[in-house]
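> Dock chain Z against chain E, hints included.
Read top to bottom, the protein sequences are chains E and Z.
Each position in the first sequence, counted from 1, maps to that position plus 12 in the working numbering.
Each position in the second sequence, counted from 1, maps to that position plus 310 in the working numbering.
Keep in mind the hints are simulated off the structure, nothing from the lab.
Please note: incorrect hints may appear among the correct ones.
Claimed, not checked - Heads up, simulated DSS-like pairs for lysine-lysine below, C-alpha to C-alpha not over 25 Å straight-line:
#, chain 1, residue 1, chain 2, residue 2
1, Z, K388, E, K122
2, E, K68, E, K89
3, E, K80, Z, K352
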Amino acid sequence: GDSVTQMEGPVTLSEEAFLTINCTYTATGYPSLFWYVQYPGEGLQLLLKATKADDKGSNKGFEATYRKETTSFHLEKGSVQVSDSAVYFCALTVTSGTYKYIFGTGTRLKVLA
Amino acid sequence: EPEVTQTPSHQVTQMGQEVILRCVPISNHLYFYWYRQILGQKVEFLVSFYNNEISEKSEIFDDQFSVERPDGSNFTLKIRSTKLEDSAMYFCASSEGQGLNQPQHFGDGTRLSIL
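This is chain E alone, in the form it adopts within the complex (with noise of 0.2 Å):
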């Protein structure tokens, strides 16, 4: 079935750090790819979305671009802040049926001032 495999957290970066977080995918047919974003006590928020391939979605300064060839869409940004502490869910939208979400485990981003 459709899954969503995410890296390993927790991510400790240093500020200003490149930051990357891996987040492959499997699924039938061509879904579209989110990041969302879950800061403390919050709920998940969008951060960025592409829907096909070579889509690179953008916002915040993160980035992340959808490969069908490598079935990835790993999330980047040049240079982080503490403020961008999270956790971070990759989530992809099945094509069929009541297009759910299905979301990796989530990567907690601690950055260190």
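Showing chain Z alone in chain E's frame:
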């Protein structure tokens, strides 16, 4: 910006008791969802709801669970007789439409603790 609101933020309930989790989706949204996240595990789909009926449910969503849209604004998840393994964070989500380009908007979640 409009948002999905969930109440309560934390619910503590004795095993075997009924619990109702409440959600107010974004007002012009038509599709509603419940997900849950057991501590340390993945966010899992429970159920989707459209036009006053369930569109799809997962195998987790057994006879102990039900959903309802009792009025024009609320969307509730009821667990009839709670078990210890129901302890989790429950997220409500809504979307304006359906399709690959229709993102779901999530609430802050309700943490359910079963004692």
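> If a hint holds in the structure, say so; if it does not, say that too.
How the hints compare with the structure:
A hinted pair counts as satisfied when its Cα atoms are at most 25 Å apart, and K388 of chain Z with K122 of chain E does not qualify at roughly 35 Å. A distance of roughly 13 Å separates the Cα atoms of K68 of chain E and K89 of chain E; the hinted pair therefore holds under the 25 Å criterion. The suggested pairing of K80 of chain E with K352 of chain Z holds, with an alpha-carbon distance near 23 Å, which does not exceed 25 Å.
Checked against the numbered hints given earlier, the structure breaks only hint 1 and satisfies all the rest.
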